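Protein chains in written order, with the numbering used here: chain A, 87 to 208; chain B, 8 to 883.
Bear in mind the hints are in silico, worked out from the structure with no lab data behind them.
Note that the structure is a prediction, hence the values are computed from the model and not measured.
A couple of the hints might just be wrong.
From the derived model, a few chain B residues whose C-beta atoms are all more than 10 angstroms from chain A [as the list claims (entries may be wrong)]: (1) Ser10; (2) Leu171; (3) Trp251; (4) Arg392; (5) Ile524; (6) Ser621; (7) Lys652; (8) Pro672; (9) Ile673; (10) Ile676; (11) Ser703; (12) Glu736; (13) Asp821; (14) Ile867; (15) Asn870.
Covered, in the sense of this in silico footprint (three residues per stretch, anywhere, with C-beta under 8 angstroms from a C-beta of chain B), are these stretches of chain A [to be verified]: (16) 97-106; (17) 178-188.
Backbone N, C-alpha and C define an ideal beta-carbon position, used for all residues, glycine too.
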Amino acid sequence: MRKILIVDDEPNIVMSLEYIFKKENFEVFIARDGEEAIEIAETTIPDIILLDIMMPNVDGYQVLNYLKSNEKLKEIKVIFLSAKNKISDVELGLQLGADKYLSKPFSTKKLVKEVKTLLTKK
Amino acid sequence: MSSLLVILIIVVYLAVIFYVAFWAEKNSKSKWVNNPYIYTLSLAVYCTAWTYFGSVGLAATSGLTFLTIYLGPVIIIPVWIILMRKVIRISKINKISSIADFVSLRYGNNRFLGALITFVCVLAIVPYISLQLKAISETFNVITKHHIIGNSIINDTTFYIAILLAIFAAFFGTQHTDATERHKGIITAVALESIIKLVFFLIIGLYVTFYLFNGPTDIYSKVSKLPNFEIQQTINGVEGGFNWFLLSILSMIAIMLLPRQFQVTVVENEREKYLKKVTWLFPLYLLLFNVFVVFIAWGGKVVFENQQVDADLFSLLLPLNNNHEFLALLVFLGGFSAAISMVVVSTLALSTMLSNNLIIPYGFLRKYSEGESEENTESIKTIRRLAIFSLIIVAYFFYKFFTLDRSLVSIGLISFVLIAQLAPSFFGGLFWRRGSSKGAIYGIIAGVIITIYTLVIPFTIDSQLISTSLINEGLFGSNILKPYQLFGLQIFDPVPHAFFWSLFFNFLIYAAISVAIKGSYRERNFAEMFVDSNKYASMHEDAYVWKGEAYVKDIKKVLTRFLGDKRTERALNLFYMKHNLNKNIQYADARLVNFSEKLLTGSIGSASSRILISSVVKEEEISLPEVLNILDETQKAKASNKELKERDKQKDEFLDTVAHELKTPITSIRALSEILLDDEEIDTTTKNKFLTSIVSESDRVSRLINNILDLEKLATGKQKLNLNKNSIETTIQKSIDAVQQLAFKKGVKINEEGVKNTTLLYDEDRIQQVILNLLSNAIKFSNEENGAVAIFTYINENKIEISVEDNGKGIPQDELDLIFNKFYQSKNQTVVKPEGTGLGLAISKQIIESHNGKIWAENIKPNGARLTFTLPLNSN
Numbered sequence: 087m088r089k090i091l092i093v094d095d096e097p098n099i100v101m102s103l104e105y106i107f108k109k110e111n112f113e114v115f116i117a118r119d120g121e122e123a124i125e126i127a128e129t130t131i132p133d134i135i136l137l138d139i140m141m142p143n144v145d146g147y148q149v150l151n152y153l154k155s156n157e158k159l160k161e162i163k164v165i166f167l168s169a170k171n172k173i174s175d176v177e178l179g180l181q182l183g184a185d186k187y188l189s190k191p192f193s194t195k196k197l198v199k200e201v202k203t204l205l206t207k208k
Numbered sequence: 008m009s010s011l012l013v014i015l016i017i018v019v020y021l022a023v024i025f026y027v028a029f030w031a032e033k034n035s036k037s038k039w040v041n042n043p044y045i046y047t048l049s050l051a052v053y054c055t056a057w058t059y060f061g062s063v064g065l066a067a068t069s070g071l072t073f074l075t076i077y078l079g080p081v082i083i084i085p086v087w088i089i090l091m092r093k094v095i096r097i098s099k100i101n102k103i104s105s106i107a108d109f110v111s112l113r114y115g116n117n118r119f120l121g122a123l124i125t126f127v128c129v130l131a132i133v134p135y136i137s138l139q140l141k142a143i144s145e146t147f148n149v150i151t152k153h154h155i156i157g158n159s160i161i162n163d164t165t166f167y168i169a170i171l172l173a174i175f176a177a178f179f180g181t182q183h184t185d186a187t188e189r190h191k192g193i194i195t196a197v198a199l200e201s202i203i204k205l206v207f208f209l210i211i212g213l214y215v216t217f218y219l220f221n222g223p224t225d226i227y228s229k230v231s232k233l234p235n236f237e238i239q240q241t242i243n244g245v246e247g248g249f250n251w252f253l254l255s256i257l258s259m260i261a262i263m264l265l266p267r268q269f270q271v272t273v274v275e276n277e278r279e280k281y282l283k284k285v286t287w288l289f290p291l292y293l294l295l296f297n298v299f300v301v302f303i304a305w306g307g308k309v310v311f312e313n314q315q316v317d318a319d320l321f322s323l324l325l326p327l328n329n330n331h332e333f334l335a336l337l338v339f340l341g342g343f344s345a346a347i348s349m350v351v352v353s354t355l356a357l358s359t360m361l362s363n364n365l366i367i368p369y370g371f372l373r374k375y376s377e378g379e380s381e382e383n384t385e386s387i388k389t390i391r392r393l394a395i396f397s398l399i400i401v402a403y404f405f406y407k408f409f410t411l412d413r414s415l416v417s418i419g420l421i422s423f424v425l426i427a428q429l430a431p432s433f434f435g436g437l438f439w440r441r442g443s444s445k446g447a448i449y450g451i452i453a454g455v456i457i458t459i460y461t462l463v464i465p466f467t468i469d470s471q472l473i474s475t476s477l478i479n480e481g482l483f484g485s486n487i488l489k490p491y492q493l494f495g496l497q498i499f500d501p502v503p504h505a506f507f508w509s510l511f512f513n514f515l516i517y518a519a520i521s522v523a524i525k526g527s528y529r530e531r532n533f534a535e536m537f538v539d540s541n542k543y544a545s546m547h548e549d550a551y552v553w554k555g556e557a558y559v560k561d562i563k564k565v566l567t568r569f570l571g572d573k574r575t576e577r578a579l580n581l582f583y584m585k586h587n588l589n590k591n592i593q594y595a596d597a598r599l600v601n602f603s604e605k606l607l608t609g610s611i612g613s614a615s616s617r618i619l620i621s622s623v624v625k626e627e628e629i630s631l632p633e634v635l636n637i638l639d640e641t642q643k644a645k646a647s648n649k650e651l652k653e654r655d656k657q658k659d660e661f662l663d664t665v666a667h668e669l670k671t672p673i674t675s676i677r678a679l680s681e682i683l684l685d686d687e688e689i690d691t692t693t694k695n696k697f698l699t700s701i702v703s704e705s706d707r708v709s710r711l712i713n714n715i716l717d718l719e720k721l722a723t724g725k726q727k728l729n730l731n732k733n734s735i736e737t738t739i740q741k742s743i744d745a746v747q748q749l750a751f752k753k754g755v756k757i758n759e760e761g762v763k764n765t766t767l768l769y770d771e772d773r774i775q776q777v778i779l780n781l782l783s784n785a786i787k788f789s790n791e792e793n794g795a796v797a798i799f800t801y802i803n804e805n806k807i808e809i810s811v812e813d814n815g816k817g818i819p820q821d822e823l824d825l826i827f828n829k830f831y832q833s834k835n836q837t838v839v840k841p842e843g844t845g846l847g848l849a850i851s852k853q854i855i856e857s858h859n860g861k862i863w864a865e866n867i868k869p870n871g872a873r874l875t876f877t878l879p880l881n882s883n
């Protein structure tokens with residue numbers, strides 16, 4: 087079973103995404119901030135991470151940086167999910183090595199499709 | 008010494024200079040090339056071969072007069088620094104490449120004025136260049152003991168040297184098409200030559216004073232026995248004093264306005280702060296240079312007492328006389344350095360003027376407006392190179408075919424007087440707004456005519472030994488029109504006399520016409536920019552008033568013809584970025600028009616660039632008062648712009664955050680709704696849970712919107728306070744009742760024992776909102792187990808303090824002030840969203856401040872935070 091890690095500090099967003107990806111037969115892990123995200127990523131090595139950017143303490147950019155600088159974790163696919171949608175934000179995200187950038191609010195169907203394409207690419 | 012050896016030495020010397028220039032051009036970023044010392048030394052291009060030989064000659068024949076040439080600059084230096092800082096600043100902003108450009112731009116970018124000044128400069132400087140060639144040739148002949156046979160050019164070493172100098176100037180002077188680009192190679196070479204000429208001159212000075220004689224006192228005691236000595240070594244009473252005074256003024260003007268000085272001081276200036284070094288170093292240089300002049304002159308007089316010897320050549324003849332040929336060679340090389348620096352820098356400056364202010368604006372504009380960028384830049388460079396060669400060749404023939412029998416000094420001073428004709432329009436233009444182009448033009452023409460009549464013509468007659476009736480009897484036999492004693496003025500020597508009258512009329516006409524005839528609005532615009540340069544420097548393109556219609560496309564086309572696609576694109580992108588403009592704008596505004604003009608100015612001069620840009624834009628006339636009004640307004644706008652930008656930034660950030668905060672609940676709502684819509688198998692419990700979440704997220708959105716509107720109303724003062732006499736105890740009680748449910752759920756106990764009953768004036772709903780907010784925050788942040796919140800009041804002089812405490816973790820010290828900011832989220836906040844909106848405390852602060860109270864946060868011991876606000880008691 088493929089593993090997905092959802093990182094967001096919004097409980098209702100997490101709740102909905104968890105429901106959706108469980109239905110899609112994913113093993114779902116949840117982190118409420120950046121630190122927790124890194125911790126869980128290291129122990130579970132998920133196939134893909136859905137990453138929010140604006141979080142207290144460690145933010146999404148920092149998490150991504152951490153992942154990309156780590157041999158074990160740098161292959162993990164990352165989709166940024168953020169309400170920040172200025173061109174500069176998107177560019178920064180992609181430059182740092184995110185595979186996709188979806189701005190909030192997003193269509194859940196599109197999200198599922200993106201996740202699937204990214205994982206079949208592998 | 009054999010000619011061949013000397014020629015060989017010259018060639019080696021020139022090779023070294025070429026190499027240094029080449030190296031400097033390659034390493035133009037090196038600190039060896041960019042420093043205030045190189046800059047200061049390059050200013051010493053002021054000391055030419057004339058200084059080297061002529062001042063000795065002058066000192067020998069007419070005593071201390073030579074000192075004025077150097078005293079002027081030394082005296083003026085402190086003022087010069089301030090003036091030049093202004094001139095440099097203006098020139099950099101407007102990409103000015105010569106003095107002709109500077110003056111003509113000041114008077115509304117007047118093409119004719121620029122050409123006129125170029126003409127005056129060429130007239131003044133070409134003979135001056137001949138003088139340098141003459142010095143090279145004469146000293147070469149002296150040192151090689153060569154006697155000139157016939158007038159053949161083929162056998163004249165000076166001719167080849169002149170050609171080499173032209174190649175040097177043309178090669179290093181036209182590396183860039185943009186004439187405002189600095190010529191590092193030439194400047195570094197000139198600086199090196201300044202050292203060489205000074206050191207060699209000091210050596211010969213020391214040699215004469217201490218080797219040939221036993222120190223200064225020995226020379227003095229010997230020379231003072233010569234006839235006529237007294238008269239020469241004093242100022243000569245009041246008349247002499249006037250002469251001295253005028254000559255000092257003349258040299259003060261020269262150090263600022265000579266084209267080569269303008270070139271090294273202004274155009275080649277890398278940083279304004281280099282001027283500081285000049286303040287002491289340059290006068291020191293001039294003083295060192297002049298220490299031994301008198302002694303060499305006196306020494307020469309003593310040694311060559313009864314011989315017919317040219318005093319100009321004393322410094323060369325003295326060592327030769329004692330068979331010290333090597334020393335004589337050093338003197339020759341020193342003079343040679345002085346001469347070639349002057350020739351190179353002067354031709355560089357003149358060639359820029361010739362191309363940018365005369366040839367291009369009058370001849371080549373049409374061709375350029377159709378040509379391709381590469382052809383155009385090549386053609387501009389070719390014009391400059393040809394100008395350099397022509398100037399040097401004309402100077403050479405001038406020296407060759409006019410018997411320049413007068414001493415070196417006289418020709419130099421004539422050229423000073425001619426250059427001084429630029430002074431009224433130059434200085435007037437810097438400080439007097441009314442100074443107009445017509446005044447400048449007629450003033451200069453009058454000044455030049457008078458100089459020609461009182462100095463150039465009689466001087467030529469003198470040197471060519473033609474009839475002297477003009478000088479002795481005046482034009483038409485009129486006493487009043489005697490060239491050396493115009494209007495019966497007899498107290499002055501010829502040079503101060505010509506200087507006095509020419510400048511007198513020049514200034515008078517300039518002032519009179521400027522007062523009588525108003526300049527155009529364009530002139531006035533530039534006048535404002537020049538006179539008030541400090542004020543407008545920060546406005547850049549905004550200081551240029553322009554109204555009309557212009558398309559970016561057309562302007563771009565013109566720019567591309569000179570700069571090429573890449574540079575045009577880059578320059579425009581930078582411009583858009585600086586002014587925050589969209590890249591795709593179609594209409595050009597005043598700023599873009601001005602910016603484009605400046606871009607071209609470096610390459611083709613201000614007059615041509617104005618004509619070219621004007622040809623593709625449609626300008627409307629503006630009245631003078633309108634120009635001043637617009638300038639005034641932009642000025643004010645600029646001042647408040649910074650503040651506005653800061654506020655804009657804050658607003659942008661606020662809007663960003665608002666957008667983010669609104670999108671977050673909407674994301675949840677959308678995701679949850681999509682599930683409910685698509686998933687038909689969803690069980691009832693989950694469905695209810697999702698629906699409840701949707702409702703609570705919707706609430707969050709509306710709460711957020713209300714809060715934002717609230718804040719906006721409070722901040723802009725649109726929300727009027729409903730002030731009434733109220734009991735604070737009642738208000739607090741109402742608030743506690745409202746949060747009781749929340750406190751109960753979290754098991755938090757609220758202590759309200761410290762509340763006193765006081766009545767005062769306030770908006771009850773608003774204050775209740777604040778207390779409610781503080782209480783719910785306190786409940787939120789109080790200790791997980793045995794959470795406790797206390798509220799109490801305290802009367803302090805004329806205000807009441809209301810405090811809310813909790814027993815939670817407290818607030819990080821560095822966040823105490825920040826928590827009142829909009830959307831501030833504490834790092835320590837672990838409370839699960841979506842409870843607050845992040846605006847509660849910001850709103851509370853607004854409410855309290857509109858009641859003339861204060862609100863602040865502090866930490867209490869052993870744990871917990873206290874938020875306190877005050878309300879004034881006597882606010883009625």
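Verification of the supplied hints:
1. Ser10: 71 angstroms, holds
2. Leu171: B:Leu171 is indeed farther than 10 angstroms from all Cβ atoms of chain A, at 56 angstroms.
3. Trp251: 68 angstroms, holds
4. Arg392: Check passes; 48 angstroms lies beyond 10 angstroms.
5. Ile524: It holds; B:Ile524 is separated from chain A by about 55 angstroms at its closest Cβ, greater than 10 angstroms.
6. Ser621: 38 angstroms, holds
7. Lys652: 18 angstroms, holds
8. Pro672: 8 angstroms, violated
9. Ile673: 5 angstroms, violated
10. Ile676: Non-interface label fails for B:Ile676: nearest chain A Cβ at 8 angstroms, not farther than 10 angstroms.
11. Ser703: Since the minimum Cβ distance to chain A is about 8 angstroms, B:Ser703 lies within 10 angstroms and the statement is violated.
12. Glu736: 38 angstroms, holds
13. Asp821: 15 angstroms, holds
14. Ile867: About 24 angstroms separates B:Ile867 from the closest Cβ of chain A, which puts it past 10 angstroms; holds.
15. Asn870: 21 angstroms, holds
16. 97-106: Holds, because 8 residues of the region 97-106 of chain A bring their Cβ atoms closer than 8 angstroms to Cβ atoms of chain B.
17. 178-188: It is violated, with 0 qualifying residues against the three required.
Of the numbered hints stated above, those contradicted by the structure are hints 8, 9, 10, 11 and 17, listed in ascending order.
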